[in-house]
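Engineer: Each chain, written out:
2 protein chains.
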Amino acid sequence: MDGLFSNRVVDVQKSFIREILKVSLDPEIISFAGGLPNKELFPVTELKEASNSVLDVAGEEVLQYSNSEGYLPLREFIAQRYREQRGIEVSAEEVLITSGSQQALDLLGKIFLDVGDEVIMEEPGYLGAIQAFSVYSPSFKTVSLLNEGLDLDDLESVLDNNQAKLLYGVPNFQNPSGISYSDSNRKQVAQLIKDNNVYFIEDDPYYELRYEGEDLVSFKSLIPEQAILLGSFSKTIAPSFRVGWVIAPEVVMEKLVIAKQASDLHTNYISQRILYQYLLDNDLDEHIAKIKSNYNSHRREMLASIDKYFPKEVSCAESAGGMFLWITLPAHLKAMDLFELAIEKKVAFVPGDPFYINEEAVNTLRLNYSCVDKAEIKTGIKRLGAAMKEIIT
Amino acid sequence: MDGLFSNRVVDVQKSFIREILKVSLDPEIISFAGGLPNKELFPVTELKEASNSVLDVAGEEVLQYSNSEGYLPLREFIAQRYREQRGIEVSAEEVLITSGSQQALDLLGKIFLDVGDEVIMEEPGYLGAIQAFSVYSPSFKTVSLLNEGLDLDDLESVLDNNQAKLLYGVPNFQNPSGISYSDSNRKQVAQLIKDNNVYFIEDDPYYELRYEGEDLVSFKSLIPEQAILLGSFSKTIAPSFRVGWVIAPEVVMEKLVIAKQASDLHTNYISQRILYQYLLDNDLDEHIAKIKSNYNSHRREMLASIDKYFPKEVSCAESAGGMFLWITLPAHLKAMDLFELAIEKKVAFVPGDPFYINEEAVNTLRLNYSCVDKAEIKTGIKRLGAAMKEIIT
Chain G
37 MDGLFSNRVV
47 DVQKSFIREI
57 LKVSLDPEII
67 SFAGGLPNKE
77 LFPVTELKEA
87 SNSVLDVAGE
97 EVLQYSNSEG
107 YLPLREFIAQ
117 RYREQRGIEV
127 SAEEVLITSG
137 SQQALDLLGK
147 IFLDVGDEVI
157 MEEPGYLGAI
167 QAFSVYSPSF
177 KTVSLLNEGL
187 DLDDLESVLD
197 NNQAKLLYGV
207 PNFQNPSGIS
217 YSDSNRKQVA
227 QLIKDNNVYF
237 IEDDPYYELR
247 YEGEDLVSFK
257 SLIPEQAILL
267 GSFSKTIAPS
277 FRVGWVIAPE
287 VVMEKLVIAK
297 QASDLHTNYI
307 SQRILYQYLL
317 DNDLDEHIAK
327 IKSNYNSHRR
337 EMLASIDKYF
347 PKEVSCAESA
357 GGMFLWITLP
367 AHLKAMDLFE
377 LAIEKKVAFV
387 PGDPFYINEE
397 AVNTLRLNYS
407 CVDKAEIKTG
417 IKRLGAAMKE
427 IIT
Chain Y
37 MDGLFSNRVV
47 DVQKSFIREI
57 LKVSLDPEII
67 SFAGGLPNKE
77 LFPVTELKEA
87 SNSVLDVAGE
97 EVLQYSNSEG
107 YLPLREFIAQ
117 RYREQRGIEV
127 SAEEVLITSG
137 SQQALDLLGK
147 IFLDVGDEVI
157 MEEPGYLGAI
167 QAFSVYSPSF
177 KTVSLLNEGL
187 DLDDLESVLD
197 NNQAKLLYGV
207 PNFQNPSGIS
217 YSDSNRKQVA
227 QLIKDNNVYF
237 IEDDPYYELR
247 YEGEDLVSFK
257 SLIPEQAILL
267 GSFSKTIAPS
277 FRVGWVIAPE
287 VVMEKLVIAK
297 QASDLHTNYI
307 SQRILYQYLL
317 DNDLDEHIAK
327 IKSNYNSHRR
337 EMLASIDKYF
347 PKEVSCAESA
357 GGMFLWITLP
367 AHLKAMDLFE
377 LAIEKKVAFV
387 PGDPFYINEE
397 AVNTLRLNYS
407 CVDKAEIKTG
417 IKRLGAAMKE
427 IIT
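Protein chains in written order, with our numbering: chain G, 37 to 429; chain Y, 37 to 429.
Same shape as in the complex, but just chain G (with noise of 0.2 Å):
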């Protein structure tokens, strides 16, 4: 059986985060290399008796096959809440539920991706993002994210100068770098995609994660005809249930029902069935300030232990929500090198490499909060920075 594959699989390897959790398993091993929520906040019981209740009133409906848009309650609970609570316009007509977030991005390169079309990248960005897109063998060009968000130079050039069909963004607490673009960095993107006829895959997980500081203005609210806004479940109530959504204007919504029917023909139905009952006997926001009160205090202490044992030639990315730090060592170290005494230490994190699409042997890394006790954090961070001592010497 030779040759058969498709181009785009080809040359994919696997996951390089993949392989960097199996060396974290050994027990010794404080890894702050995971990206997963805090599993001792998930709502069990309540998440049970919600379970318990759609089964009771409804288990026949709710056990058969369902529609492809996703479950009309929960899109106009989600719509509801973007109206009321951040002042977006969002009707539940434009909400197409998705098998978590991961899945509107492979929806996406679905519906615009032909070989070679321009996609504009944030470099470093999210690695989920760059493996669904890679599928459909686009073509990819990066714009750097500065402490304040995308350099606006280096994207008035890229759109300048390619015809870009899509710039995929995290604006809120990005994975990996944990930063925002500001108030004004959004004008001026937004402007700017005005300007094109591109459209902004707005990837929004982190948006209720917030510890510091003001909401800012979402490109859904800047440019409505020009944002994809995506949103998820995973990190406010629980990953396991695979329930996103994916917010389109009008005429990109017909083309993604169209490819999520031919996907999976629906998201699980009983999920989304179970979260709809749990929002319904349940305060999301109270949940979710346990959750933040909980991930800001472990994030305190990576930032106290950080200031108190990292050397100071490293610098630490300014983040005001989210769940990772990101961490920059001096211009002529290599994260991977550091990564190989770190491991000897008994300490793991992801070298910032897998998230770069040009760039090489790179100086940064991705440190993970929300999954790591207290102590062990302060311990992690103590073992990290002598082994940075070591390598800067």
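Among the hints, a few may not be true.
What the hints assert, rightly or not - No farther apart than 25 Å at their CA atoms in a straight line, the calculated lysine-lysine pairs in the PhoX-like style are these: (1) G:K58 to G:K344; (2) G:K84 to Y:K84; (3) Y:K84 to G:K75; (4) Y:K75 to G:K84; (5) Y:K58 to Y:K370.
As the list claims (entries may be wrong) - In silico contact screen, one side only, chain G against chain Y (beta carbon under 10 Å); selected entries: (6) E97; (7) S102; (8) A115; (9) R117; (10) Q121; (11) M289; (12) N332.
Derived by calculation from the structure, the hints in this document are not laboratory data. Where is the CB? At the ideal position from N, CA and C, for every residue including glycine.
With the hints as your guide, set chain Y onto chain G.
Structural biologist: Below, chain Y without anything else, positioned relative to chain G:
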């Protein structure tokens, strides 16, 4: 925002069947147009117990992210069932859990099909597969499906004259036709596949629903290195969970896992755990026996009514299982014309048209019996027979 969509979606039309189903929503219409399992047979209480059990014992864990391959004990259960019940050599490592077998089709399209690559389909064929593959813009070649299986001369000639990568078929109780490949047809098809550099996608969602005759050999047994076997819990437990699987040789499995990760990270994990718990605590064979007894009584009612009410110029294909019967009108008639008349008489079905890639205005149609009451089957078939008589004269 002009001209940004990929070539693959520009020409795709809204699902014909969705439109048909909308017409059938009139409560006075008796609809044989569906393709759903009978919801009255879903094991609601048992699934509720399974759900409580996994949330009580491992709540935090079952709500977390999981791996792309699927829950290993569930994969082992599936493999073991193939080994013990059907003598098919399958190991857990060969099983990938997918979001319904529809997703398995999408993933196979993703890993195999570049634009213009040739895929051989049964004519008539399963619409979900046509839709899933269409996204990857292949060149479809068709082989006629006869009462005893694939037309062998046709298949040989299509294989000789093309470099097809994939042959897709539903050897047991096919959707739409209900027919099965005979034992000798399977062996001859397998031999032709062996002689060519092509994979056979053996889509087998109805295998467990046999009402007559003996089980027939699987392509996975005949040509283990060239068969890719698909299965699902949608017809035996419940479709809402979207849990299916694909069994593939190692070299294919490796690519499928990468494509799966890029598509949605992993299949809904709590659903995998609930289904596995259900399988541990209950006797699946006993449950399937109930479904078979129920569906077979519906089928007998439909066959008896057809015998009584359809004009003798109309024929019904032999079918030993599944959920459908396939009707052929006299050659000069069109199923779409009958459809319009039938709707006036308050009975609906699916005209054969969407199941054909090459033929148009066909004289065949599909009747579903799994989710229509027996009394309604009789009345509906009587109405349909009356419509046939009108159109024939």
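Engineer: Now, for every hint given, state plainly whether the structure supports it.
Structural biologist: So, going through the hints one by one against the coordinates:
1. G:K58 to G:K344: 29 Å, violated
2. G:K84 to Y:K84: Holds: K84 (chain G) and K84 (chain Y) sit about 10 Å apart, inside 25 Å.
3. Y:K84 to G:K75: Answer holds: K84 (chain Y) to K75 (chain G) is near 23 Å, not above 25 Å.
4. Y:K75 to G:K84: 23 Å, holds
5. Y:K58 to Y:K370: 21 Å, holds
6. E97: This hint holds: E97 (chain G) lies near chain Y, its Cβ roughly 7 Å from the closest one there, short of 10 Å.
7. S102: 7 Å, holds
8. A115: Check failed: Cβ of A115 (chain G) comes no nearer than 22 Å to chain Y, outside 10 Å.
9. R117: 21 Å, violated
10. Q121: 24 Å, violated
11. M289: 12 Å, violated
12. N332: 21 Å, violated
Of the numbered hints listed earlier, those contradicted by the structure are 1, 8, 9, 10, 11, 12.
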